[in-house]
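Asker: In case you want the letters, here they are:
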Amino acid sequence: MATESLTRAPDVEVLAKLEFPIVTYEVSREKIKEYVAAIGDRNPLHNDPVAAREAGCRDIIAPPTFAAVFTSMPFRRALGDPEWVARSTINPARLLHGEQRYDFAQPIHPGDRLLVQSIVERVEEKKGLILIYVASRVTDDRGEHVLDGAMTVVLRP
Amino acid sequence: MIVGDRVPELHRRIDLSTLVRYAGASGDFNPIHYDGAYAEAAGLDGVIGHGMLAMALVSEAVTDWVQDSRRVQSVSARFTRPYRVGDVLTVSGAVVGARDGAYELSLKCVNQDDVEIIGSASATVLPDERSDDG
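First to last, the protein sequences are chains H and S. So the first sequence is numbered by this note's numbering: it starts at 1 and just counts up by one. So the second sequence is numbered by this note's numbering: it starts at 1001 and just counts up by one.
Worth flagging that the hints you see were computed from the coordinates, not collected in a lab. Just to be clear, a hint being listed does not mean it is correct.
[What the hints assert, rightly or not] Taking lysine-lysine pairs in the DSSO-like style, the calculated list, with each CA pair at most 30 Å apart, reads:
{"id": "1", "chain 1": "H", "residue 1": "K127", "chain 2": "H", "residue 2": "K17"}
{"id": "2", "chain 1": "H", "residue 1": "K31", "chain 2": "S", "residue 2": "K1108"}
{"id": "3", "chain 1": "H", "residue 1": "K126", "chain 2": "S", "residue 2": "K1108"}
One chain only, chain S, in its complex shape:
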């Protein structure tokens, strides 16, 4: 890993079943994520996806790349805009720096129209002891 390296892109289509499975797995049963009538009554334009699922995909792009997820020291995400059923999310990112013995990655998650769902995300990753110089 060196500064400038790009994180391989991750693509994922979001179906209603994706959100329902994530609701069950995460315990987040807020109806805005699966009940259209409830979401509209709450002032939203229909069902929206879980921010934390989009963040999980950001983190997954990193761990798919580094493989050893024990190297991930931190992950953060700012939820910029909602995403919806039928959206295809793309995570991209790059190594933007190295500080205190760890690499800093900057990432984002967009939908098929390039609308930022997570406009700003970051991760810090320890060097691979087997192959990186640090």
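Just chain H, same shape as in the assembly:
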């Protein structure tokens, strides 16, 4: 039914009530390595366990924007569900990333088990565009706050 949503106009009231699946994410050393290599980051704390320990970390730490790997998952999983997309009034091909912010409470290490919860904070219409503000809160398996994400998604006409 995904094709049906392509002909249905975005509905601000529906968008404001969208819900996303809660995601659990276990950080792996290999995923950090892959991310660091892809962005060309040579910081010793992100690459070398020995250097990281010398600096007082218990292991390598992920670069700050590694947060994108898991904070995007609730929205992305939703977009991978044709029924969710059909209900959402979103045409995924019209989505763009407008703004992103992260506020960090603690560094991320290999083996961390994270819980990612996202909500729609508000929806605005501006100059023919629809802006969807999505807030994500990330906690670890002891319930400690790890970081907050704030994403603005732009829905083009």
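With chain H's structure known, arrange chain S on it following the hints.
Answerer: Just chain S, lined up with the frame of chain H:
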């Protein structure tokens, strides 16, 4: 670190392989970032790069400079214009203030024609306990 300090510039050329690697590493497989026909059908003028990769480069310019990325308290970016395969991105920035015990950095990311890809970015960075006064 003092107000007025400039963040050393970071330069990076973007190839299609850069975007494909970032897609794999980030999990963002939106075809607008690697499939030209799909991007055009979506009303774009060809493949565009991931905003989050440009933001990663902004953050990297900061962490390359301060080295200890635990000092970075927040990072934000506004994606102004798309960038494309073959573009060379440059990140620049400066320390613009100090508030609540942290430095405020203002940054941007432009392409080789000085077009703003991320017109407005910011980061807050804690002082280096070993050498900064705070």
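Asker: Confirm or reject each hint.
Answerer: Status of the hints after comparison with the structure:
Between K127(H) and K17(H) the CA atoms are separated by roughly 22 Å; this keeps the pair inside 30 Å, and the hint holds. With a CA separation close to 27 Å, the supplied pair K31(H) and K1108(S) stays within the 30 Å bound. As the CA atoms of K126(H) and K1108(S) are separated by approximately 24 Å, the hinted pair is consistent with the 30 Å bound.
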